[in-house]
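Number of protein chains: 2
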Amino acid sequence: MLPRVDRLRAEMTIHGLDAWLVTDLLNVRYLSGFTGSSAAALITRDQAVLITDFRYAEQAAGECPGLALEMVESHWALGAKRAIEKSGAKRVGFEGYHLNYRDWSELSLILTGVRLVPQENLIGRIRYVKEADELALIREAVKVADKACEHVCGYISEGIEEREIAIELEYFMRGLGAEKEAFDSIVASGPRSALPHGKSSDRKVKMNEFIVLDFGARCGGYHSDITRTVMLGAPDDRQREVYETVLGAQEVALRAVRPGIQGGDVDAMARDFISEKGYGEYFGHGLGHGLGLDVHDGRILGMRSDIVLEAGMVVTVEPGIYIPGWGGVRIEDDVLVTDDGAEILTTAPKHLEL
Amino acid sequence: MLPRVDRLRAEMTIHGLDAWLVTDLLNVRYLSGFTGSSAAALITRDQAVLITDFRYAEQAAGECPGLALEMVESHWALGAKRAIEKSGAKRVGFEGYHLNYRDWSELSLILTGVRLVPQENLIGRIRYVKEADELALIREAVKVADKACEHVCGYISEGIEEREIAIELEYFMRGLGAEKEAFDSIVASGPRSALPHGKSSDRKVKMNEFIVLDFGARCGGYHSDITRTVMLGAPDDRQREVYETVLGAQEVALRAVRPGIQGGDVDAMARDFISEKGYGEYFGHGLGHGLGLDVHDGRILGMRSDIVLEAGMVVTVEPGIYIPGWGGVRIEDDVLVTDDGAEILTTAPKHLEL
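Sequences listed follow chains A and B, in order. Heads up: the first sequence at position 299 corresponds to 299 in the numbering used here, and the numbers run straight through without jumps. Here the numbering used here = 1-based position in the second sequence + 1000.
Hints may contain errors.
Said to hold, decoys possible - Some chain B residues near chain A, calculated using beta-carbon distances under 7 angstroms:
#1 1096
#2 1097
#3 1102
Said to hold, decoys possible - Distance ranges between label pairs, derived from CB positions:
#4 113(A) <-> 1197(B): 36 to 42 angstroms
#5 63(A) <-> 1277(B): 31 to 37 angstroms
#6 45(A) <-> 1010(B): 51 to 57 angstroms
#7 208(A) <-> 1063(B): 28 to 34 angstroms
#8 1278(B) <-> 109(A): 39 to 45 angstroms
#9 1259(B) <-> 323(A): 52 to 58 angstroms
#10 1340(B) <-> 154(A): 55 to 61 angstroms
#11 1340(B) <-> 158(A): 52 to 58 angstroms
#12 1088(B) <-> 204(A): 46 to 52 angstroms
#13 1136(B) <-> 97(A): 34 to 40 angstroms
#14 233(A) <-> 1010(B): 54 to 60 angstroms
No lab work stands behind these hints, which were simulated from the structure alone. All of these numbers come straight from a predicted model, not from anything done at the bench. All C-beta atoms in this analysis are idealised placements derived from N, C-alpha and C, irrespective of residue type, glycine included.
Could you put the whole structure together from the sequences, leaning on the hints where they help?
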């Protein structure tokens, strides 16, 4: 059984739970290794059960050697009921944000003598700290994104459409072995660079304007997420100042990342830096998030985040300045918290001028 | 306001509902036109309200001209409460499969004098029948898939990996203007063709074996979904027989599609055809599904489906035979139900031999 299952059991003890019902598919994958698209899991004090249907019988047996299998013909809730009753569990925690009303109501109806206890983000917090196999996959995904960044910087030329750049990025990453892009790539140029989530459009990139590239790769289920802001031609004074301000804020934050510091404090240091330069109102989002099976694996470096950094966490550090109608800059690295500081995983250069 | 909103109001009257709370994002988009990634909507007898947060203020105003906007700073449930209370609605329907336990419980807590009534698939059923703008987008998505099919049939050669074929398909469709692939393309060759959802692997395609290609495009939010089974070289007698059986079953089903027939009856006709040839046990899935904002827009042609076909529905017709360890064949077209029969939208040829 994976160490993470023991970490979950320790949490179950703290919360007085006999069992934990996992309905979020990423959490099911995290705890069991199952990669199919329909399953739940039940973790008890001494057992782990995967509940899935007959389509996945062979796959489940192959991917989840340490788990008992509870196969269902129709609704998974019937399998959950059987697994819960066999285990004798009386207090069963569940994921309130990942169980829909209908399934909860079905389950409540068919279970007798069992209390279903909603408990938020318990596995989420366990997932913050990566195990060795997870880290290896994240490193792979970061390496792919770094190479794609280098490639696409040579590909961008005047008049090319944002969406052509996005397609090239994603195609190139898959050619390097990525399963897929981590998310729809953001390529936002000129005034569109002021949109923090500008996706990509048919706008043609021009000289002397910001081009924000925000993309990542998925390898073995794990994600990277990188942003670079680049330009054809040369920046004017204000563009230079905004770029240097974001870069400076990122450097401050990268130096601050270490075990023991609160996520919100790292965010505040970057935010203060930007505010002191007069751009505070233009940095509207949190400094960064966790990375893992999900691209947004927890708002670890969010504004006012009280999450204390620990060795093994992987976070993004991505300050930005977005001036509506004018343009924006964001620079984002993926960072591993180490025993005595941080290792910046992203190696793509941070030159504004292409 | 879109005609679909009136269709929803007629359903609300039948179910004695004063308002309908929409929490599924695709349903929000369907009813409001809003394409952002965080919103809910409330449809009352005389108003339509979009509930979203300040990040989306500008986008919502642009995309949803006929709707009132209810902006929230934190949890959308607070905006839903305000909208419900302003409207005076007392019985509010909601989507039980698309509201998580936590949000339902929050909403129940903050609403007073309002009954929340779970009601399934009410908008889903309205979505089965496409309006003109939706049909135009589906036709576009089908055209892209057809062209990609032709292209990739010229691209496949001995020794190429399944995943290279999948990448080429998806890259080509985006080059033609698709927003994205409709889903992770299935490219399954040799014994893997017996897996109905074989995705694509690093297996190299060989001569004289089945290659199942199942893919589609997304254009303006709407999907196509097409499957062809092809082969380098020539089939042996059994391969030929299995292919012809699937093709024959599809032809029977395509001729049966028309308004007034039950989906399950169309499925049964294809299934009986395959059974009579002795392959009944190897056709394990339903004959087809609806197509629209979702790739699987209702199990319209599912086994035992009691959905009665109506003009304007778009369905896939995709019989298959999957013989474990040996191989499989699936052939899939996208079909519009017309006033007096059916229009087959897919035009890609159905030759087994490349």
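Inset, instruction - Quick one: which hint numbers does this structure break? Sort them smallest to largest. - result: none
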